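J.: Sequence:
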Amino acid sequence: MNKLFTIFCLIWSLAVCSQNTIDTIDWKQRGVRNIIKTNPLVPIWGSIPLTSEWRLLYEMPFSHNQSFQVGASYLGKSPILKLAEDSIMGPGIEFVVKGFRLQGGYKFYFTTFRNYKQEPYNYIPLGIYVSPHISYSTATFTTHAASVRNVYIQGTHYNINLLLGYQYYSLMFDDLVVDLFIGFGWKENYWEENINGVTRTFVLNTANSGYYGSNFKFSLGFNIGFRF
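Numbering of the sequence shown is given in my numbering, commencing with residue 1 and proceeding in unit increments.
Calculated from the structure, these hints are not laboratory results. Take these hints with a grain of salt, some might be off.
Dumping the calculated DSS-like pairs for lysine-lysine here, alpha-carbon to alpha-carbon at most 27 Å [to be verified]: (1) LYS98 with LYS82; (2) LYS37 with LYS98; (3) LYS187 with LYS37; (4) LYS77 with LYS37; (5) LYS187 with LYS77; (6) LYS98 with LYS187; (7) LYS77 with LYS98.
All values derive from a computational prediction rather than experimental measurement.
Hey, can you work out the whole structure from these sequences and the hints?
T.: See the structure below:
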């Protein structure tokens, strides 16, 4: 894990330091727009199973074909868990789910940023891109009664990925940007049980958890946002 994280940081720093100063001045003078994004589906099922994710991403261009994207999410209780809670657990049992997710990536676009509407100060990051990406998320699961006794289960996911994506500008809805991506990488998912300060870690592997317990990460998803 440490070696992979070090390689990721080296690639990231190389990308930042290798930008051309003249290009930087040029794209700033043209007026490149930033983008705020989210995903309308992840409140149903978040990055950790049985969570609801409220995601906010911010993409900020750094040159004529590169940008930096960071994101933060609040993780709560999934509506699917709420449904199971109401129909299976019975009255008086209510789960409490709290957590967060942090992510970041550096996007290399194959083409320079374009101005589809041909308006002043309206260049936006569009087209095919590749992106090293890192993500960390964690959430605790408990009930009101169990939390009083310091009893909870905590799930943690972290992964490093290489994504291939395509970002395009919607002509039907003004200012709407759609970001599609697919990729693969390395991941580690684990769960811990805490009972009065005594922690037990559940070992996940392909034998007992299949793909979820493996270190192989496959990514497929989208985000939508608005330029500003």
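J.: Decide, hint by hint, whether the structure agrees.
T.: We went through each hint and held it up to the structure:
The suggested pairing of LYS98 with LYS82 holds, with an alpha-carbon distance near 14 Å, which does not exceed 27 Å. Annotation: proposed proximity of LYS37 to LYS98 holds, straight-line Cα distance about 22 Å (limit 27 Å). This hinted pair checks out: LYS187 and LYS37 have alpha carbons roughly 24 Å apart, not beyond 27 Å. Pair hint LYS77 plus LYS37 holds up; C-alpha atoms about 22 Å apart against a cutoff of 27 Å.
Distance check on the hinted pair: LYS187 and LYS77 sit about 23 Å apart at the alpha-carbon level, within 27 Å; holds. With a CA separation close to 22 Å, the supplied pair LYS98 and LYS187 stays within the 27 Å bound. Annotation: proposed proximity of LYS77 to LYS98 holds, straight-line Cα distance about 7 Å (limit 27 Å).
In summary, the structure agrees with every hint in the numbered list given earlier.
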